[in-house]
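4 protein chains.
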Amino acid sequence: MCRWLSYIGDPVYLEKLVFEPRHSLVEQSLHAEQAKTPTNGDGFGLGWYDERPTPGLYREILPAWNDPNLRSLAHHIRSGLFFAHVRASTGTHTSRTNCHPFSNGQYLFMHNGQIGDYPLVRRSLEMMIEDEFYEGRQGSTDSELIFCLMLTLGLQQDPHRAIRRTIEVVENEMKVRGATSPFRFTACLSNGKSVCAIRHASDDKPPSLYWRKRDDHVIVVSEPLDTESDSWKAVAPNHTLHVEGDLTISEEATL
Amino acid sequence: MCRWLSYIGDPVYLEKLVFEPRHSLVEQSLHAEQAKTPTNGDGFGLGWYDERPTPGLYREILPAWNDPNLRSLAHHIRSGLFFAHVRASTGTHTSRTNCHPFSNGQYLFMHNGQIGDYPLVRRSLEMMIEDEFYEGRQGSTDSELIFCLMLTLGLQQDPHRAIRRTIEVVENEMKVRGATSPFRFTACLSNGKSVCAIRHASDDKPPSLYWRKRDDHVIVVSEPLDTESDSWKAVAPNHTLHVEGDLTISEEATL
Amino acid sequence: MCRWLSYIGDPVYLEKLVFEPRHSLVEQSLHAEQAKTPTNGDGFGLGWYDERPTPGLYREILPAWNDPNLRSLAHHIRSGLFFAHVRASTGTHTSRTNCHPFSNGQYLFMHNGQIGDYPLVRRSLEMMIEDEFYEGRQGSTDSELIFCLMLTLGLQQDPHRAIRRTIEVVENEMKVRGATSPFRFTACLSNGKSVCAIRHASDDKPPSLYWRKRDDHVIVVSEPLDTESDSWKAVAPNHTLHVEGDLTISEEATL
Amino acid sequence: MCRWLSYIGDPVYLEKLVFEPRHSLVEQSLHAEQAKTPTNGDGFGLGWYDERPTPGLYREILPAWNDPNLRSLAHHIRSGLFFAHVRASTGTHTSRTNCHPFSNGQYLFMHNGQIGDYPLVRRSLEMMIEDEFYEGRQGSTDSELIFCLMLTLGLQQDPHRAIRRTIEVVENEMKVRGATSPFRFTACLSNGKSVCAIRHASDDKPPSLYWRKRDDHVIVVSEPLDTESDSWKAVAPNHTLHVEGDLTISEEATL
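Protein chains in written order, with this note's numbering: chain A, -2 to 252; chain B, -2 to 252; chain C, -2 to 252; chain D, -2 to 252.
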């Protein structure tokens, strides 16, 4: 399991969310409270949008609490739409190519959860990836595989449909191959203009997902960044949350 | 704070202690129970003696739970006297040169604790190090500094005296410079033939230290490796434990 | 392109070949003489056999000339059959999972060369890997893919046939998909008892491969470790070299 | 020895100098032409000024040619005053704290060269560092030591005098201690407003140093970034080059 956050709104320095809050993402890398494991020390990553057509990416295998580069970058990089992720491996290696966020063109993707019995279904799911996205696969995680499937299933054309189809395809393959562990899928996507977060599970235990809207920004997080608990709203299980560039928010069922 | 273990006895594969016990050192890197912080993810190290005149050393900045090299090395390296250490930084950087154990000639040293208000006294303590050992200082930790002081103060000639003198020198300098935080010093030394462990603090809270003797070996640890709690004995505060090559054990007051 | 060496014979410390010769493998990591690129700084690896049923493995993303752990391990590990490899990436990422040697059960494999137009044929070749070996694939290199194909094509039953079949399969797929760059394949395999080295190319430029037999050992290398040039013999293009445990040597055509 | 570049002028993306030129700094990390060693693979670093009061810093132990983070950061970070450095160690460890540039408050410093017989004089030079700067010393290089000396000797008050005094102090100490190797010192300093580059040696072989002025910027480099050789001017041996914020240039003797 992992912890992540996403920000959309008026540009801020990344440290404002990554380091400064009482229960910042870096704090969560040591002491997550709503995750199966408190420690998220198997690498981390930043992805951010600026004036360039594709997002910036900084991914590292050290723990997030431990990296002076992260501190300096978060102090100097300002963005109006960014992702940050701290990783707790569910089995695959700790390498930069297995760290989130993943990117393809203008898209960013990050994930908390897992495909149950991943080794059972990995190969057949990989065979469904379109060549153009298969070539871009650099690591071995189930998370990157899910992202490749979404791209294959029409993310650029119809994101909501691509998400739904990906969930169906993964769950169907798990069923066919006899997977007994659940599919847990709490993830975040962006095309650089809007943010889409997903909270889904094949059983009744989707990982936690919260959001908070203020005048000039929306934050979506695995768990709240501070103790103002009534300011954070949970996303309903098996729902997606869309945050448009003008901060309009909508929620709909994943399936 | 950190966690460490030391083994002396019939040669065994390092994994026997580093990975296999229920509360192995690698398990302690994620879930230490008797330390101020449960996570010891700021690097780790192995030091071991074999037929070579100086010990082998493997130190890495990744968390111990995260390193396939450590798993393979601990599976393949067998030793009759070895050290293993998982680090939780008390302020200095995460670099290999700051990871324990430290070595000099045939000596190994590792430490759990800290010199209180280290920045206050670092410089004047460093000035006391003899040139020959100053040159060998590679990192910036208080732990390596303590080791250099012990070497300066006659470790090769009279280890017990060198330990006592080092404690006196550190505590005196802390007093002179007005340090208000305590000196916590639970450490382990070896010359390749015997093991000497120290449990000391300038206040009444020396970090934990345990040992267990079996027929063919002695283990000294920050905290027990398993739940056979009556088999582990605590070293008394402000005492050193000596384990000779024939597994004879003696304990004496540090000061 | 990469540089590698393999040793079989009376046990020696690894440093004897990795560091000590005038043109040692570590020296070759900075100044290879018979390779397209002089610098082999994109990671390295050691694989060695001892009393354990499977080989030890140490792989790192730093340059080999730069790693104090490598120096200490090579000083302390002794083996009668080992591999060492310094990597120059031909496009894939620098991660430990992309470093050689690769291992599977008792097998070790390392490679210098490349599958021409790898992105064209990667996917269809990966589809030929048997499930059991596909699961073991951790990285994204063409080298590891070749190893998986050899395992699939009967390495355990008939190594010479598996090598020949792998070359045929790779070259056929390259032809079918219209690859225009050549297949360059100079590699080394071991089951822990004997060593098999391959020097092959689909054009007339197979990477260099040499060997030298002394009373108590045989060394197989990408390029000679010293300037006693008449003591090193080149393996003929498109031939494999077999070195048995008793140091018997035979050479035969790959196809 | 190392290679470095410094830019002052209209803001540009860092990749414009770090990656794009024919003989870019990253190209120089593999194939330096005017250095004793062609390979500068022992870490690298970026330092850049933006709207924040202190500069950003990204330092890494991997070779520069090998780091996807560097590529992304150089594509996304834009600055009107930045430093970039690729390192070839002259003996000290490869750790981030030994990578250039070094920073203190608003200052950046980077260096190519070395204090001859460094172990002979290291300690006595370190003793001259003022406490406030000694505390900030994180690594063990002669380069960082020189920076600490310049800060001690009044860099903030009178940079030219601080440089001259530092050279005198280092050369005097080398003489006193009987150092026989030369002091080579080609370095660059900035306070965020102007750039000061130094080309000095105690013998007649100061490392190379060039600059080029265009309408909207000045570049200072270890060696030219392209083959327009008549556009690059060499700084005279034992001279410093000052580039003001308005791109006014002046040169004066170091001593």
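No wet-lab data here; the hints were simulated from the structure.
One or more hints might be untrue.
Identical copies look the same in the list; a pair holds intra-copy or inter-copy alike.
Straight-line alpha carbon distances no greater than 30 Å define the calculated BS3-like cross-link-like pairs of lysine-lysine that follow [to be verified]:
(1) K172 with K210
(2) K172 with K230
(3) K13 with K190
(4) K33 with K13
(5) K172 with K13
(6) K190 with K172
(7) K230 with K33
Results for each hint:
1. K172 with K210: Cα proximity of K172 and K210: none, with 38 Å in one copy and 52 Å across.
2. K172 with K230: Classified as neither; 32 Å inside a copy, 52 Å across copies.
3. K13 with K190: both (21 Å within a copy, 27 Å between copies)
4. K33 with K13: Cα proximity of K33 and K13: in one copy and across copies (26 Å, 28 Å).
5. K172 with K13: Close neither inside one copy (43 Å) nor across copies (39 Å); limit 30 Å.
6. K190 with K172: neither (35 Å within a copy, 43 Å between copies)
7. K230 with K33: within (20 Å within a copy, 33 Å between copies)
In this structure, the earlier hints numbered 1, 2, 5, 6 are contradicted, and the remaining ones agree with it.
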